[in-house]
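Student: All chains should be built: construct the whole structure from the sequences, respecting the hints.
One letter stands for each residue in the lines below.
Protein chains: 2
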Amino acid sequence: MSQSLKDSVNKGVLELKPYEPGKPIEETQKEVGLDNIIKLASNENPLGMSPKALKAISSATDLNRYPDGNATQFKEKVASEYNLKPSMVTVGNGSNDIIEFIAKCFLSSADTAIFSQHGFAIYPLAIKASGAEPIKVEAKNWGHDLDGIADSVKENTKAIFLATPNNPTGTVLSVIELTTFLKKIPSNIIVLVDQAYFEYIEDEQYKVPFELINEFSNLVISRSFSKAHGLAAFRLGFSISSEEIADFLNRVRQPFNANSLALIAGVEALNDKKHISESVDINKKGLALAEEFFEKLGFDFIKSYGNFISFDSKMDSDKSFKYFLSKGIILRSLKVYEMPNHLRVSIGTENEMQQFFSTLEDYAKFLSK
Amino acid sequence: MSQSLKDSVNKGVLELKPYEPGKPIEETQKEVGLDNIIKLASNENPLGMSPKALKAISSATDLNRYPDGNATQFKEKVASEYNLKPSMVTVGNGSNDIIEFIAKCFLSSADTAIFSQHGFAIYPLAIKASGAEPIKVEAKNWGHDLDGIADSVKENTKAIFLATPNNPTGTVLSVIELTTFLKKIPSNIIVLVDQAYFEYIEDEQYKVPFELINEFSNLVISRSFSKAHGLAAFRLGFSISSEEIADFLNRVRQPFNANSLALIAGVEALNDKKHISESVDINKKGLALAEEFFEKLGFDFIKSYGNFISFDSKMDSDKSFKYFLSKGIILRSLKVYEMPNHLRVSIGTENEMQQFFSTLEDYAKFLSK
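If you read the protein sequences in the order shown, they are chains A and U.
Position 87, counted from 1, in the first sequence is what my numbering calls 87; the numbers after and before it change by one each time, with no gaps.
Position 101, counted from 1, in the second sequence is what my numbering calls 101; the numbers after and before it change by one each time, with no gaps.
In case anyone wonders, no lab produced these hints; they're calculated from the structure.
Don't take each hint at face value.
Derived, one-sided and incomplete: chain U residues facing chain A with beta-carbon distance under 10 Å [said to hold, decoys possible]: (1) Asp-62; (2) Lys-104; (3) Cys-105; (4) Leu-231; (5) Arg-251.
Calculated pairs, BS3-like style, for lysine-lysine (alpha carbon to alpha carbon, straight line, at most 30 Å) [claimed, not checked]: (6) Lys-6/U with Lys-136/A; (7) Lys-55/U with Lys-30/A; (8) Lys-30/U with Lys-327/U; (9) Lys-11/A with Lys-17/U; (10) Lys-85/A with Lys-11/U; (11) Lys-273/U with Lys-77/U; (12) Lys-274/A with Lys-85/A; (13) Lys-184/A with Lys-11/U.
Where is the CB? At the ideal position from N, CA and C, for every residue including glycine.
Tutor: Have a look at this one:
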């Protein structure tokens, strides 16, 4: 590239390193030469996609036609499901899209935006790409330090990115904590509460209700279909906000950002209560067993409310990651999350978890050698 | 919305009016109370999607898994198809995504970017959303005035958006014209040549070869799967550029922007030469007949190289649009394209075109009353 063209690239983009996705199974098979690889790396639903959604997309027609740019049926379904107005819904190509819309609408090079240490990696990427300056607030007990975040707000702060449960730590915020926090935040600052893992929360005090946006006009709450609904391949998420914020987010949304099959699958996934409850159930059992094994084998772990759990592998996580990989298990190293020894394991099926536990036992022996 | 929150919205976004998609068939059925509605409004493939692609997605599994964020198989297919390196390919959620990547990488509030009068509506939207100032260059015979565009380049111009064939005018640029133009453009300015309608071009002199990027390091060429391949519902497009530009575009790309089914369908659509040639063939016949009818009935039209044709409806196009709508035909009014009396008709099946021609005859009589 000619130097002059590189000079044309926006400064925030020049500094960006793209997000590194979990290793695909196929690639890993080639790499380690094993047939039986299990992927516990991307917090996907081990039960598969919603069967109702699968049935719906199997009979989809007119795939030569553009999606409905207004996603009318999907928005109406979300609205009726949660007793909201369709005009409060913004549809995303995954909830990742919602993060981008907020950055695009509200952030520019004169601004700052806040995220938490150990917060989802996409937040600082989206902030930097917009040209704004990211402010990272130190975590507290692996979770968001809401007081610290409130204290870090500057004159030019335009957005705050929170997640509950937070990926990759699995920590949650209670509705009371969040409400207290929101009261302290000036109403010209957008607060995103990212609830990609919402369905896995069982304790009521951690379930952030959409109604909170009636109290806080600067609040945006996002949800994903990639986790409990099992639709990661399709890319679908949405946010709920005031109609006014939704109007702004929709201005920067690409007119056909969500594809037709995702919109069809999303409607049916919301109807598929059985699949959701089975998914939540298997996750609960897997999490409990994981906690038990970590305790038994002496590994520190972070109590998780999501469909994954992170633990201290007691060595450089790039190395421990490779250990598990060599045994056919893809985990996630949390080095980029400033957790140099931590690995994250997604909760899989019973069989997958047994394979993980058995490998964990071997790993514990390997460490004690 | 509190005034203070509105003040936080980026200026370019405040001024945006979202892109208006073609009217969906279902919505129109309700509106005009007709069962038999034909949609010739969004330049979709009237033959449907590639049958090979349909077969491939029907047996897709693991839809609970995230797409391959690197789109390895798709990029390798594109690369082998066109004799390029996979690292020169950037995958888009539709080629619309590529336009956004360019804006996000190269444009900020200090910059200007150039597009042509009657150019695709998304260009000025993407420019404004980035905070940059759009420069509109007057069209010449409905097409891009390349000399005018070259003369409009300013010190702070960072990008130029061209399309050939151009939507909604159908005009083309020859490779010679384009080469002459590119020689005049400073190499620090990105030039996008949007070729969403490439497959419909039959005359070699208008087929812009990917090899041109070897000569012009600032050139990006984009293609779409929404037109000749019939995959509009899936959202898939890509660009070819230098590896260096592709690296920058990929930094602002969402890690899972293209969904799994789109990536699978895209590979097979490229293999489906039969479907492409049938699609091109039916389009050619439809275009020729349309020209004939427009001439016979005395409507001025713009010679088109795409899968659509625009004509002067001899009255305010919001009104003529409604006339056709009331007869069950959805066309596109080109008012937002500064073509206040023009309508655009997408080339449909033989039956659809007959229905259009017959309504056009009625419309001509209606006008002469």
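Student: Decide, hint by hint, whether the structure agrees.
Tutor: Taking the hints in turn, this is what the structure says about them:
Look at Asp-62/U: its Cβ gets to within about 7 Å of chain A, closer than 10 Å, so that hint holds up. Evaluation of the Lys-104/U hint against chain A yields a held restraint, the C-beta minimum of about 6 Å falling below 10 Å. Contact between Cys-105/U and chain A, as hinted, is supported at the beta carbon level, the nearest pair being about 5 Å apart and thus within 10 Å. The interface hint given for Leu-231/U is met, as the beta carbon of that residue sits about 7 Å from the closest beta carbon of chain A, less than 10 Å.
Nearest Cβ of chain A to the Cβ of Arg-251/U: about 4 Å, under the 10 Å cut. The hint holds. Restraint check: the Cα-Cα separation between Lys-6/U and Lys-136/A comes to about 25 Å, which is no more than 30 Å; the hinted pair holds. For a cut-off of 30 Å, the pair hint linking Lys-55/U to Lys-30/A stands: about 27 Å separates their Cα positions. Distance restraint check for Lys-30/U and Lys-327/U: the Cα-Cα separation of roughly 14 Å lies within the 30 Å cut-off, and the hinted pair is therefore satisfied.
Of the pairs offered as hints, the one joining Lys-11/A and Lys-17/U holds, with about 28 Å between alpha carbons and a cut-off of 30 Å not exceeded. For the hint pairing Lys-85/A with Lys-11/U, the CA-to-CA distance comes to about 27 Å; that is within 30 Å, so the pair holds. Restraint check: the Cα-Cα separation between Lys-273/U and Lys-77/U comes to about 14 Å, which is no more than 30 Å; the hinted pair holds. This hinted pair checks out: Lys-274/A and Lys-85/A have alpha carbons roughly 26 Å apart, not beyond 30 Å.
At roughly 26 Å between alpha-carbon atoms, Lys-184/A and Lys-11/U fall within 30 Å of each other, so this suggested pair holds.
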